[in-house]
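Novice: The listed protein sequences derive, respectively, from chains D and E. So in our numbering, spot 446 of the first sequence is number 446, and the numbers just go up one at a time. Heads up, our numbering is the position in the second sequence plus 661, with the first residue counted as 1.
Some hints could be false.
Straight-line distance between alpha carbons at most 25 Å, and here's what the computed SDA-like set of lysine to any residue pairs gives [unchecked claim]:
id	chain 1	residue 1	chain 2	residue 2
1	D	K360	E	D723
2	D	K605	E	D956
3	D	K547	E	L721
4	D	K605	E	V952
5	E	K713	E	P863
Read the hints as simulated data drawn from the structure, not as lab findings.
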Amino acid sequence: MLLLAVGAYAIAAARRPDGGRQVYGIALFVCIVLLALALGHLLAGRAPTTLTLPLGLPWLGAHFRLDALAAFFLIVVNLGGAVASLFALGYGQHERAPERVLPFFPAFLAGMNLVLLADDAFTFLVAWEFMSLSSWALVMAHHQDPANARAGYLYLVMACFGTLALLLAFGLLAGPDGGYDFATIRAGTTSPGFAALVLMLALLGAGSKAGLVPLHVWLPLAHPAAPSHVSALMSGVMTKVAIYGFIRIVFDLLGEPVVWWWGGVVLALGGITAMLGVLYALMQHDLKRLLAYHTVENIGIIFIGLGLALAFQANQMYASAALALTAALFHVLNHSLFKSLLFLGTGAVLTATGERDMEKLGGLIHPMPWTALAFLIGAAAISALPPLNGFVSEWLTFQAILISPELPQWLLKFLVPAVGALLALSAALAAACFVKAFGITFLGRPRSPAAATARETDRYSLTAMFVLAGLCLLAGILPGLVVDGLAPVVGLLNGSARLIPQHHQPWLTLVPVVDVKSTYNGLLVMLFMALSGFGAAWLIHRLASDKVRHSPAWDCGFPEANPAFQYTAGSFAQPIRRVFGSIVFQARERVTMPPPGDSRPARFKVELHDPVWERGYAPIADAVVALSSRFNYLQYLTIRRYLSLVFGALVVLLLGMVLWR
Amino acid sequence: MALIVGYLVQGCQMLLILLLAPLLTGWVRTLKARLLRRRGPSVLQPYRDLFKLLRKEVVLADSASWLFRVAPYLIFAALWVAAALVPTFAGGLLFSWTADLIAIVALLGTARFFLALAGLDVGTSFGGIGSSREMMIASLAEPAMLMMVFTLSLLAGTTELSSVARFMLTADVGLRVSLALALLALVMVAIAENARIPVDNPATHLELTMVHEAMVLEYSGRHLALIELSASLKLLLYLSLLGCIFAPWGMATAGAGPAAYLGGAVIYVAKLAFGGVLLALFETSIAKMRVFRVDQFLGAALMLGLLGALLLFVSRSL
Chain D
1 MLLLAVGAYA
11 IAAARRPDGG
21 RQVYGIALFV
31 CIVLLALALG
41 HLLAGRAPTT
51 LTLPLGLPWL
61 GAHFRLDALA
71 AFFLIVVNLG
81 GAVASLFALG
91 YGQHERAPER
101 VLPFFPAFLA
111 GMNLVLLADD
121 AFTFLVAWEF
131 MSLSSWALVM
141 AHHQDPANAR
151 AGYLYLVMAC
161 FGTLALLLAF
171 GLLAGPDGGY
181 DFATIRAGTT
191 SPGFAALVLM
201 LALLGAGSKA
211 GLVPLHVWLP
221 LAHPAAPSHV
231 SALMSGVMTK
241 VAIYGFIRIV
251 FDLLGEPVVW
261 WWGGVVLALG
271 GITAMLGVLY
281 ALMQHDLKRL
291 LAYHTVENIG
301 IIFIGLGLAL
311 AFQANQMYAS
321 AALALTAALF
331 HVLNHSLFKS
341 LLFLGTGAVL
351 TATGERDMEK
361 LGGLIHPMPW
371 TALAFLIGAA
381 AISALPPLNG
391 FVSEWLTFQA
401 ILISPELPQW
411 LLKFLVPAVG
421 ALLALSAALA
431 AACFVKAFGI
441 TFLGRPRSPA
451 AATARETDRY
461 SLTAMFVLAG
471 LCLLAGILPG
481 LVVDGLAPVV
491 GLLNGSARLI
501 PQHHQPWLTL
511 VPVVDVKSTY
521 NGLLVMLFMA
531 LSGFGAAWLI
541 HRLASDKVRH
551 SPAWDCGFPE
561 ANPAFQYTAG
571 SFAQPIRRVF
581 GSIVFQARER
591 VTMPPPGDSR
601 PARFKVELHD
611 PVWERGYAPI
621 ADAVVALSSR
631 FNYLQYLTIR
641 RYLSLVFGAL
651 VVLLLGMVLW
661 R
Chain E
662 MALIVGYLVQ
672 GCQMLLILLL
682 APLLTGWVRT
692 LKARLLRRRG
702 PSVLQPYRDL
712 FKLLRKEVVL
722 ADSASWLFRV
732 APYLIFAALW
742 VAAALVPTFA
752 GGLLFSWTAD
762 LIAIVALLGT
772 ARFFLALAGL
782 DVGTSFGGIG
792 SSREMMIASL
802 AEPAMLMMVF
812 TLSLLAGTTE
822 LSSVARFMLT
832 ADVGLRVSLA
842 LALLALVMVA
852 IAENARIPVD
862 NPATHLELTM
872 VHEAMVLEYS
882 GRHLALIELS
892 ASLKLLLYLS
902 LLGCIFAPWG
912 MATAGAGPAA
922 YLGGAVIYVA
932 KLAFGGVLLA
942 LFETSIAKMR
952 VFRVDQFLGA
962 ALMLGLLGAL
972 LLFVSRSL
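Extracted from the complex, chain D is given alone in its bound form:
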């Protein structure tokens, strides 16, 4: 299994080959091999395999283990990696500074794979940090742009913070004896107080990488700064590795004694993250940043599922927990599919026009019909529209919410419907956001010369996008097979309770609980829609009329020659900004109208405040600056004072030791 790292490292070592194609080609090959291996492992239901290498800490070695959970996430990572490599075969040609991207791309992939395979805390943390740093290097690929440099800095700070939290979590898990390999941790028990602390640290560590609100601030800056295929990997795949970290620590390593309020905390955080993520996204006009905020939203949905599972497990309701876990894991897969697809589509738009700002795009469906189709499928999938895959996982999450009145705790009884409402709101707002994203970018008339002269992207990129679009459709119409594939993972995390096998069901219907409960059949919905749609088209063209006359747009008799008269992204979002944004973002609109006779143009200005940044981060940053400037004089002391400081510190430490003993 270690072939992967060796292969990827070898590519990384082979700096600057005669072209990016070679690197991406090898990365594609390695990812496909790993994907096949992981798929084989998961579907055959093999027992976990382990491997110990004499690397790392001398008394510990480096432990690796492949179980069902790791195999599932390996599939997610390597599928995303393979498609991103395929896309980069074409897209990488346009890279301005390939030597800043090529070495780090395979390293990033290797880092993510190693995190999933690691079986001791040391290897895990080293791989985690490796993944963070290589992705940081990719974010900084175009570091001349000050915005990118700022994003990189913020990312680095948050990544260090996250790793620190994880380090402490593993320290607590290992206990005073320092049993850092996962098998020892699993066998040991943690006292309830420490376990709660570990949960909080895991939330901070993995949550900051995944983008849980309020730890999400770096994500919408850093993900768009990288080249698009890397953005796809960071948003679609790296956030999933963070989720893997959370699941591994909380569900696997912490083990059984789960307290009910853990689920409540995770659930509430998930609901807030989902809602705020989509509201932020609606306010964005930068296509990549909009997608990055949607990642925040989807992470929230995944955490809702995980929180429900924790709450059910705490009450020994393992059948319900299986449903919630299945929903969360299904959404992990789905999000990796459609978010990668959407970022790749944005990459294609970026190559064709050089623009990420939606206000300067428009009408791209005419020159780029295939990219538009793929992006449309991704947009419909992320908006949870049947018969695509995003709907299935949201449907499963809703079903899990609907069986939760059985929970005995009152707080959860109130929390769960509220989170359900947040989930429903965020799903509806996501649809609005993607009407905006697709409609303003691809539909209408071009708003800039760059958009008017765009050309369709290359074959490699299109193939990559359509592979993902096809998978979105397949997972949507055959959800039962995916659920069956997830069953070993769910069983592993859930005391071997899992959903009933789905592939025996007639017409491959999805039956999550029992027969009298709710069912959904994506295949039949798809078939019925295709039949009625094509049937109607055929009948009408055959029997009624198939004539078309082209003419200028009607527009109630006032056709507008200037494309600037069209609705823009800002104007599209205006009603929603007024309804939701006036509370959350304190959105204010100001119109400055010149007096009559004055020929200056009227100005319209929208003011938005980011509550998380202004209330949470800005005070912390100010405090750090104030504190460090207070202690700044320590830099200019004489040697005598330094020596006395060192002596004083030593005395205090020794005293502390003596008193503690």
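For chain D, the structure is supplied; the task is to place chain E on it using the hints.
Specialist: Just chain E now, with coordinates in the frame of chain D:
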């Protein structure tokens, strides 16, 4: 043999709703005209309009893309499938388990998504205004509807409509606060989603307050016919939904035989007619509200739905 009959009955239901939808629209229009002391067109006028539109050529804007031409068929397909999945004259039909109420709500979402995109496609400001407002309305109406679904499902233990209808017929439902709240929420959502009067005006043209009509302004010919038919289907869907959940009496059971089916159909048409009367009365007695009042109207629906669900989370007897 039973399978073939099952297919036949399912097919009959699909055809029935397709044929009844324009009639319902015509019925409401005639009633509204009478209430305003006008004679109004015949009840059959929507059929005539549809046939005329179907035979006309399509005038396509130069800036329209393939999506603009595909969207009417997609919208029609999604709405027809959604409407066909709501039990009408009989419950427990052959494919009734294909999609539950959540999936039906989501299918409505699919139709809305493509309609809003079609509004943006030609690149005019009217289309944009319609799409943007439609999505704002939907962003509140859809969660309100889902909250109503939550309430029902907590009571009935399922989100599948035939089972919900069967449950609502049993004696242990009784009068419940949560159901009353859910009914109110569903009615409010139905009014907003069908672009009826306090939210939008189906009869208006050339007004800045219009939502639905602004989106479909560029459509003509057979495309417009499909859009109009889809709008009628949506109205029928919501009335059937109200009937099937809150007045499930007289619905035939699966495999009951032709006589029972016929009886169920008669009662179903009567329910629709009654719903149409109520809608016409309501629409003529109320004025249209400003666009930025709609969010309060729908916010109230959302809160009612949430309240209903919360009550049930607290106690199953409320």
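Novice: Could you work out which earlier hints the structure fails to respect and list their numbers in ascending sequence?
Specialist: Failing hints: none at all.
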